[in-house]
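S.K.: Using the sequences provided together with the hints, build the complete structure.
Residue numbers (this note's numbering), protein chains in the order written: chain U, 30 to 344; chain E, 30 to 344; chain R, 30 to 344; chain C, 30 to 344; chain G, 30 to 344.
Any given hint might turn out to be false.
Put simply, identical chains are the same to the list, so a pair is met inside one copy or across any two.
In silico DSSO-like cross-links for lysine-lysine, where the CA-CA straight-line distance does not exceed 27 Å [to be verified]:
hint : residue 1 : residue 2
1    : Lys339    : Lys139
2    : Lys61     : Lys87
3    : Lys279    : Lys339
4    : Lys150    : Lys139
5    : Lys341    : Lys200
6    : Lys139    : Lys61
7    : Lys341    : Lys279
8    : Lys210    : Lys61
9    : Lys87     : Lys235
10   : Lys235    : Lys150
11   : Lys87     : Lys210
12   : Lys139    : Lys235
13   : Lys144    : Lys200
14   : Lys341    : Lys235
15   : Lys235    : Lys144
16   : Lys210    : Lys200
17   : Lys210    : Lys150
Source of the hints: derived by calculation from the structure; they are not laboratory data. Just so you know, these numbers come straight off a predicted model, no measurement behind them.
Residue-level listing of the chains:
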Amino acid sequence: VESVPDIHNVQPFLEAASNTWIQVSGLHDTDKLTSIWEFFDLHPLIREDIVNTAQRPKVEFYDNCVFFVMRMLNYSDQELTAEQISIVLGNDFVLCFQETGEDYFNPIVKRLSTKDARIRKQGTDYLTYALIDTVVDYYFNIINHLADEIEQVEDELLEESDTEQLNQIHKLRREIIFFRKSIWPLRDAVNATIRDETTFIEDNTKIYLRDVYDHMIQLIDNIEHYRDMMLGMHDMYMSQVSNRMNEVMKVLTIIATIFIPLTFIAGIYGMNFNPENSPYNMPELSWYWGYPASLGFMTIIALIMIYYFKRKGWF
Amino acid sequence: VESVPDIHNVQPFLEAASNTWIQVSGLHDTDKLTSIWEFFDLHPLIREDIVNTAQRPKVEFYDNCVFFVMRMLNYSDQELTAEQISIVLGNDFVLCFQETGEDYFNPIVKRLSTKDARIRKQGTDYLTYALIDTVVDYYFNIINHLADEIEQVEDELLEESDTEQLNQIHKLRREIIFFRKSIWPLRDAVNATIRDETTFIEDNTKIYLRDVYDHMIQLIDNIEHYRDMMLGMHDMYMSQVSNRMNEVMKVLTIIATIFIPLTFIAGIYGMNFNPENSPYNMPELSWYWGYPASLGFMTIIALIMIYYFKRKGWF
Amino acid sequence: VESVPDIHNVQPFLEAASNTWIQVSGLHDTDKLTSIWEFFDLHPLIREDIVNTAQRPKVEFYDNCVFFVMRMLNYSDQELTAEQISIVLGNDFVLCFQETGEDYFNPIVKRLSTKDARIRKQGTDYLTYALIDTVVDYYFNIINHLADEIEQVEDELLEESDTEQLNQIHKLRREIIFFRKSIWPLRDAVNATIRDETTFIEDNTKIYLRDVYDHMIQLIDNIEHYRDMMLGMHDMYMSQVSNRMNEVMKVLTIIATIFIPLTFIAGIYGMNFNPENSPYNMPELSWYWGYPASLGFMTIIALIMIYYFKRKGWF
Amino acid sequence: VESVPDIHNVQPFLEAASNTWIQVSGLHDTDKLTSIWEFFDLHPLIREDIVNTAQRPKVEFYDNCVFFVMRMLNYSDQELTAEQISIVLGNDFVLCFQETGEDYFNPIVKRLSTKDARIRKQGTDYLTYALIDTVVDYYFNIINHLADEIEQVEDELLEESDTEQLNQIHKLRREIIFFRKSIWPLRDAVNATIRDETTFIEDNTKIYLRDVYDHMIQLIDNIEHYRDMMLGMHDMYMSQVSNRMNEVMKVLTIIATIFIPLTFIAGIYGMNFNPENSPYNMPELSWYWGYPASLGFMTIIALIMIYYFKRKGWF
Amino acid sequence: VESVPDIHNVQPFLEAASNTWIQVSGLHDTDKLTSIWEFFDLHPLIREDIVNTAQRPKVEFYDNCVFFVMRMLNYSDQELTAEQISIVLGNDFVLCFQETGEDYFNPIVKRLSTKDARIRKQGTDYLTYALIDTVVDYYFNIINHLADEIEQVEDELLEESDTEQLNQIHKLRREIIFFRKSIWPLRDAVNATIRDETTFIEDNTKIYLRDVYDHMIQLIDNIEHYRDMMLGMHDMYMSQVSNRMNEVMKVLTIIATIFIPLTFIAGIYGMNFNPENSPYNMPELSWYWGYPASLGFMTIIALIMIYYFKRKGWF
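M.R.: Here it is in structure tokens:
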């Protein structure tokens, strides 16, 4: 078992090594690609799917190989991005194609470098399992990151809820939908691989794949859980905005309904009816206790209003 | 293998050619239609389904042919429209019926014209695959168009949200529902074709149909994804309208609750109680510091209000 | 083959005719009913189901007959109403029971009257198919009617949205739910009939039933489509009401926040502080430019407010 | 066949009668219970389920008996309550346990008392059918009661929508959820009984159970129908509250926006600028047409406002 | 049969006892753990799953054992917390791993201590059943606790609805989602165990597991029931907030629309137009009945407004 993690000039290795792992980063050098897949005699549809990097995660069984498509998820600049990982498992080779040069599979390279590592003693199917497992491990990173963000937004939401949180909730919902879209089909693909009866994957490797499958189910459980929670959080956001508006309305209503009648009374006694022309023209203005009485009357009205709002439980 | 892309006077070709493709555009010339399907001996139910262009996408297996119904989707004047494509696959013929004269299948005609093209060497089942594949490729155009529009609306939504966006969201939702209605049944039809055991479609063509099936699944995944996103966008729109209203309410409440009490005080000192009749009638009006004191009192009230709103986090 | 579309005095026909169709309208004349089903030896449960006209659409296979229950839908006075149609298919007879005297099946009677019609040459199973097909054709009328109403409400909604539209949306939702309840079980019943292995229905009639089944699926697709659309329309209605309220709030807020401070200033200079008692008591009132200055000050405040609202995009 | 509807001292009957029906009301007299189930040799799990009256409806097949759990639903004081009915069907006995002494099964007792009744000639399996059928008949009463209440609330909703209706809708939703929880599992239990191959239930009794199963399906259809309707009604309630609020806002806005500017103008001419000190200080006050002109100006402003609201369609 | 409930120094027992139950609390002493699972020869994946305490509930069948993962739920400080319980069932041993030292399984220890207890006479599979049953019994405690809280919040909701209830509803929704996530997979695991054909679990123990399975179904029914209810309660909360806001708006609108016009009239007669310069300048001020007439006019306007609101049903 020998590992060849670099990308170019693999031709000699191909012919020498018995179990070969070729990691191809960057899918634009069509000549190289052609030479590789001509050597391994890949079906035209596989070639097409490797280059067209918007495939759905899936597994396909061909006569001379098994073809996996997965989506590696990553956060770059707080944005969840996806990259297609295509794996071709043959009888004595594993091809792994990715678009960028990110070394996601470094841990495996390291394990392969240490002597006596279990992975060195196993076949190409175990290596494939290790690759898939690495991708799924990345998913757990993502979901932990999501969980942290959700918890943070939820904590903030209990204190205040402004447009900032709304945008956060919206972003998280989008990411959860995006994540879901990547892992649902992979679960089916892993399941199909376990149930498959071709000889590319041995039975004791399938036990490990079953473990990956369990992890997928767990991820999906979590993602559905978070989806439900996001719905609940959006509902809560809306309820809080409504509550807030209710609060604002109450302040306005209390102030307005107390002072509008008082202002009206002040307006009455601000009228300029001529008391000289008639005894009925605003005689209150000349009363001895006129001013204090009017102030007292206003106070009584205000107190009645306040009592009314208190009883309604408005403050 | 010979291609006959024009519509009329096919009778001679029918008798001469071995593998025939007849493309019929326009379904109103009943005489022509009758002559064609009498020649190929089509079942009455097929004839009915071809003319009645509101069929659900489906596949039906008859003794002498396989009958596909699909819906070609297209944007005309920013409106998503559908047109029924009916394909009849016999042992050595393919009939393709459409209502309008749009040359959707031009690429296939071109491929057929080039010598040594793969499609020329394959049977009528491969041609049928090519026709279905072309329809599904159109779906990808549609979904990309939809994705662009959704992204644009979403970007606009982060800045402002008026009735324009609401109508856009509503239109997109309708289009997604409409799109969904066209592709869900086609997926089942393609799947039924793959699993079918009649001899009209050979096994190595079925590999290609499996690829079409994968594309269908991918489309459905995307459409469900966009549907979820539209729901999220509508929720966000509603939240933003609520936020906006909350904002408007706050401005009104702040202005009103600051000035209404002040106006009330000004109203008090605008009353005309006669100070000559009684020492209790508005003695403030004659105080030396009366006016500045009242202005100061108003300022204090305003400051208290502002402090109160600040602490409530209203601005 | 002889058709007997009238209801009473069928006894002689029963004994004479080989293939008999009896159409029974009105289920209150228990004597007649008893005589009919005694003659054909119907199971007690069938008898019960025919009279109890709130049955769910279904098919039941008995030793001597097949029993269908369907619901005929109709608009009477703009209200969607349902009527139970029970069909009993025996080896050489078809019984059809309905509550009212509506002649839904007139077209079949006409076809039976024309000599050499296909329906005359076929057995009772084809007649049963024709009856079911007629009911399903009625469903298409209903759904077209629904589609028209939905489109009309949607068009109105883009222009204005008042309580009228809300009630319309509510009515349409109810009708869709009602329609759905009638056709979902019938689909299962038709499917069960197709898959059934008794000898009451021949294989070439089953091809026609498969066509009915396709129509049922199409109806269900449409009904689900309309259901989704109604949900979208209700959401849109709610959004529009919110938008409207937002609009109303803005008008109120703009007017109030511009004039409330101005009114306050006018109130200030309406106070009656005595300028004779103190140089600080409202000296502005005696200034040479006092009045124009105060008007100018108010104008400036109003302009600032208007600028602020403009910048906020409120008008 | 002999019926024993009373509860105590059944021991002698047990030994004498061939087909025995024991109706046990009240589950607190543990001695009696123990004596009964020791006599019939019931499995410990059955004993536990009978006494623990919060079981889910189900059917369980034991070696010597079939064990049914059902929930009898009833309205007491306008509240939907449930009571567990446990039925044990053995080869020649039927045990029926219930908590309260309500005589739900009186009709069966009556039928058993009449000579020559069909139920007397049938075995214990038919009696079990009759018991289940009675419970399901009660469900129809409940659903009719629900339907009446729903229709009533819906009618009220078209006229007005206050907290009363909201509480009604909430109560109905709860009852529907509660009802659903009782009948969904019973459907599965009845279905399992029909498909079961033990010899406790004879084939011609299964035809009757199939009829019960149809009724269950019909009930579930109805309950889902009502659930959809309740959702629609809640949506409608919310829309109406929004409409109402919109209406209230409009009234406030119209009155406020018409009178606030007018009050401002009145406020202007209520200012006390001294005309003697300056020709610019409120010369309008001394104009010959000053007062009528100001009133006319106000009228014009009010008319403009009214015209603006009319054009906006606010009233 | 001998029970060994303490954690350390089990080595001697292991070799002596025939049927052994080892309860391991705390998963940090890796040396102990290693010695235990080396002794019982556990598969590496089991070892990993035991230590990694965020597993999904599941059952896995290995050659030498059956491996269960469950989640014990508990309330600590009003917070619903979960703890992983891992059970390994071998031919003559049961290992039970948990993180904390909580003695959840005390009742079983007690039952094992009493002589002649049924549990002492049964094999390790019955003990495993007893452990699972204990966990499920805890679930019933949790759900009863949830039910109490839900009922309390619902009762409060009928009286008032403030942020307190909103937070409660949100918390309950989260707990229900959390609970659901724990019990759904366990149901599948128990079901898989019942259907399993390995010899680790005997048939008469499976009858008891079927009972546990019934309890799981009942729990899930309840949890879905409560989930529906929480949705209904949130809807009701929102409706009540809307109603409340409507109420607040009405109070504001009534007070404002009554007094704003009156204040305007008072403002009119507060204007200072000079009656000496013109007979048209506010002659009303000098009328004999001027003041009473203006007050009367205001009263009439107020009464008209009140009548209008009454007729609208606003109070």
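S.K.: All the hints need checking, so say for each whether the structure fits it.
M.R.: Hints, verified against the model:
Taking CA atoms no more than 27 Å apart as the test, Lys339 paired with Lys139 passes in neither setting, with 72 Å inside one copy and 58 Å between copies. Proximity of Lys61 and Lys87 under a CA criterion of 27 Å is satisfied intra-copy only: 25 Å inside one chain copy versus 42 Å between copies. Taking identical chains as interchangeable, the C-alpha atoms of Lys279 and Lys339 lie at most 27 Å apart whether they share a chain (12 Å) or sit on different chains (17 Å). In this homomeric assembly, Lys150 and Lys139 come within 27 Å of each other (Cα to Cα) only inside a single copy, at 15 Å, whereas the closest approach across copies is 50 Å.
Taking CA atoms no more than 27 Å apart as the test, Lys341 paired with Lys200 passes between copies only; the shortest distance there is 25 Å, against 40 Å inside one copy. With identical chains, the CA atoms of Lys139 and Lys61 are at most 27 Å apart within one copy only, with a shortest distance of 26 Å there and 30 Å across copies. Taking the closest pair of Cα atoms, Lys341 and Lys279 come within 27 Å of each other both inside a single copy (11 Å) and across two copies (14 Å). In the homo-oligomer, the alpha carbons of Lys210 and Lys61 never lie at most 27 Å apart, since the shortest distance is 31 Å inside one protomer and 43 Å across protomers.
In this assembly of identical chains, the alpha carbons of Lys87 and Lys235 lie at most 27 Å apart whether taken from the same copy (17 Å) or from different copies (18 Å). For a Cα distance limit of 27 Å, the shortest separation of Lys235 from Lys150 inside one copy, 16 Å, qualifies, whereas the shortest one across copies, 39 Å, does not. Taking the closest pair of Cα atoms, Lys87 and Lys210 come within 27 Å of each other both inside a single copy (12 Å) and across two copies (24 Å). Taking the shortest Cα distances, Lys139 and Lys235 sit within 27 Å of each other inside one copy (23 Å), while across copies they are farther apart (42 Å).
Taking identical chains as interchangeable, the C-alpha atoms of Lys144 and Lys200 are never at most 27 Å apart, the minima being 45 Å within one chain and 52 Å between chains. Proximity of Lys341 to Lys235 under the C-alpha cut-off of 27 Å is found in neither arrangement, the shortest distances being 67 Å within a copy and 60 Å between copies. Taking the shortest Cα distances, Lys235 and Lys144 sit within 27 Å of each other inside one copy (24 Å), while across copies they are farther apart (46 Å). In the homo-oligomer, the alpha carbons of Lys210 and Lys200 lie at most 27 Å apart both inside one protomer (15 Å) and across protomers (24 Å), since each shortest distance falls under that limit.
Taking CA atoms no more than 27 Å apart as the test, Lys210 paired with Lys150 passes in neither setting, with 35 Å inside one copy and 39 Å between copies.
Hints 1, 8, 13, 14 and 17 from the list above are not met by this structure, while the remaining hints are.
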